[in-house]
Amino acid sequence: MTLDELKLYTVRVKDGSGCLFQPILEENKYTYILTAKHLFESVSQDEDGNDVAYATPDGTEISIVRQVNVGGHWQEQIIPFILIRNQTYFPHKYADAAILKVEPLLPEFDKIISIEIPNKIDNYSLYGFPKQMENNAIGSRDTDYKIRESGLPAQYLQNAQLINDTLNKLQIEGMSGGGILSIQGENVYIIGIQSEMKHAVWANGKICFVPMKYFSEIIDYEEYKAFLTKLHPPFLGKFDFLRDEAFALEVDAWDENKIESIRIHLRNKALDVIQSNITPLGIRELFERRLLIDENEVQCLDNKSIWLGWLEFLTIFNIIKEENITTQQLEEIFNNVRLKYTHVEDCTTLFQDRLSKSDYFGLKSGGTVIINSKKTPRKPFRIPVGGMINNIKIPQDKRGFRTDLGIDPFQSFSFIHLDYFKSECILNKLDEYENLSEIQLLTKLKQEYHELLN
858 MTLDELKLYT
868 VRVKDGSGCL
878 FQPILEENKY
888 TYILTAKHLF
898 ESVSQDEDGN
908 DVAYATPDGT
918 EISIVRQVNV
928 GGHWQEQIIP
938 FILIRNQTYF
948 PHKYADAAIL
958 KVEPLLPEFD
968 KIISIEIPNK
978 IDNYSLYGFP
988 KQMENNAIGS
998 RDTDYKIRES
1008 GLPAQYLQNA
1018 QLINDTLNKL
1028 QIEGMSGGGI
1038 LSIQGENVYI
1048 IGIQSEMKHA
1058 VWANGKICFV
1068 PMKYFSEIID
1078 YEEYKAFLTK
1088 LHPPFLGKFD
1098 FLRDEAFALE
1108 VDAWDENKIE
1118 SIRIHLRNKA
1128 LDVIQSNITP
1138 LGIRELFERR
1148 LLIDENEVQC
1158 LDNKSIWLGW
1168 LEFLTIFNII
1178 KEENITTQQL
1188 EEIFNNVRLK
1198 YTHVEDCTTL
1208 FQDRLSKSDY
1218 FGLKSGGTVI
1228 INSKKTPRKP
1238 FRIPVGGMIN
1248 NIKIPQDKRG
1258 FRTDLGIDPF
1268 QSFSFIHLDY
1278 FKSECILNKL
1288 DEYENLSEIQ
1298 LLTKLKQEYH
1308 ELLN
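Per the working numbering, numbering through the sequence shown is continuous, rising by one, with the last residue being 1311.
Please keep in mind that the hints were generated in silico from the structure rather than gathered at the bench.
Hints are supplied without guarantee of correctness; some may be wrong.
Simulated restraints, written as ranges between beta carbons of each label pair [said to hold, decoys possible]:
#	residue 1	residue 2	range
1	Glu1080	Gly1223	49 to 55 Å
2	Gly1139	Pro975	37 to 43 Å
3	Thr1183	Tyr1078	29 to 35 Å
4	Val909	Glu1152	43 to 49 Å
5	Phe1218	Asn926	33 to 39 Å
6	Lys1214	Val900	47 to 53 Å
With a cut-off of at most 27 Å between alpha-carbon atoms, the simulated DSSO-like pairs for lysine-lysine come out as follows [unchecked claim]:
#	residue 1	residue 2
7	Lys1279	Lys1301
8	Lys1082	Lys1115
9	Lys871	Lys988
10	Lys950	Lys1087
11	Lys977	Lys958
12	Lys1236	Lys1286
Source: prediction; values computed, not measured.
Glycine included, every Cβ here is placed at the ideal spot set by N, Cα and C.
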């Protein structure tokens, strides 16, 4: 993701800011704006220091503006919004957090991922529309302030220190509701929404933001469940969003005519998974962190590559079984063949440590671990049962094994990279698949896949 793309996620909401977020889609398509509740309701003090409650009445038209780049020129675009509680406006009961529900859908905001606050946040910044820049040229009315470190947590808030410790009220006013964001690869990660300055006058670059867990709590309120979907990307709702990206099977140009029909046949077969009742979210809720090699990479559970891997994995299994796998069969499959994901750049480094500490509870002796990774290794691998020990250079502390009693993962499981199915069963045998019908191709692949797993 580029900075220009990130800029599109930040909007001006009344006298503050907000962040666009595309949740799981349902039939009624909509987009969220995550922002600060105090822009609409809170308690302020009058001249005598008395508390005075204020609340924006239902039916009020709210000014929401975003910047879009048209032909290399930035323009402002109004997002129509009428505040109606329990329909378009959903506040947290206690935290300074609110979700605005915008209909119809604003497209192309599906690369934002909500995660918990990591240990280090020095690669995050606060994005918003400071009041002092409101008269700047369009395209220059927003800004970002880089964060140096997190501070102590507070009531419904997280303290943080900006790198610029001279920023005070004048420079930060108007940033309320802005996202705490970081570009990481093709995605933007959000860990919270700006709420207030640490001190109203002597801010010294100290801010307080609302962590994302409080926005998740809004969605879990019983009275809101029928109106809101969870803070996950659209493709977690159903595999259909991933169909055109599955089985990419990249080859050199001169082999493209050979691979195209194979690609089409496999994507057609993937329809069996797409049209089933199995969804990425259902798999995630069933297995949670067991889907990962390293459970600390929990932010990867909303990453597209893990679910592309699952779509291909389930399609392969449907080919082998010659039947469509059901949700009820997933647990049984997981106890015999376990697909696990890693986000590390070089997955071969896993052999040194992380594979030995992963969660294998329930996986039977003789089972297979299929590794899906962010980046394909130069040489996708297949290591038979007992063969892993040849890849380990140092002794492993067996007390750290997380397996059923008596099982040594390196002696009891085989390990295969998911891309080995593509390279060994397809790409290295393109000539064998030329001019095959879909039925002939699937029959041939069933034989190839079965040999790999047995």
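Going straight from one Cα to the other, do Lys1082 and Lys1115 come out at no more than 27 Å?
violated (49 Å)
Quick check: does the Cβ-Cβ distance between Gly1139 and Pro975 fall within 37 to 43 Å?
At 27 Å between Cβs, range violated.
Assuming the hint says 47 to 53 Å, is it satisfied by the Cβ distance from Lys1214 to Val900 or not?
holds (49 Å)
Quick check on a hinted range of 49 to 55 Å for Glu1080 and Gly1223, using CB atoms only.
At roughly 50 Å between Cβ atoms, Gly1223 and Glu1080 fall inside 49 to 55 Å, so the hint holds.
Go ahead and decide if the range 43 to 49 Å is satisfied by the Cβ distance of Val909 to Glu1152.
holds (48 Å)
Supplied distance hint 29 to 35 Å, evaluated on CB atoms of Thr1183 and Tyr1078
holds (32 Å)
Hint check: Lys1279 vs Lys1301, CA-CA at most 27 Å. Holds or violated?
holds (13 Å)
Lys1236 and Lys1286: Cα distance at most 27 Å?
At roughly 16 Å apart (the allowed maximum being 27 Å), Lys1286 and Lys1236 satisfy the hint.
What's the verdict on Lys950 and Lys1087, does the C-alpha distance respect the 27 Å limit or exceed it?
holds (18 Å)
Pairwise beta carbon distance, Phe1218 to Asn926, judged against the given window 33 to 39 Å:
Since Phe1218 and Asn926 have Cβ atoms about 50 Å apart, the given range 33 to 39 Å is violated.
Holds or violated: Lys871 to Lys988, with C-alpha atoms at most 27 Å apart
It holds: about 11 Å lies between the C-alpha atoms, which stays within 27 Å.
Distance restraint between Lys977 and Lys958, which requires alpha-carbon spacing of 27 Å or less:
violated (31 Å)
Hints 2, 5, 8, 11 from the list above are not met by this structure, while the remaining hints are.
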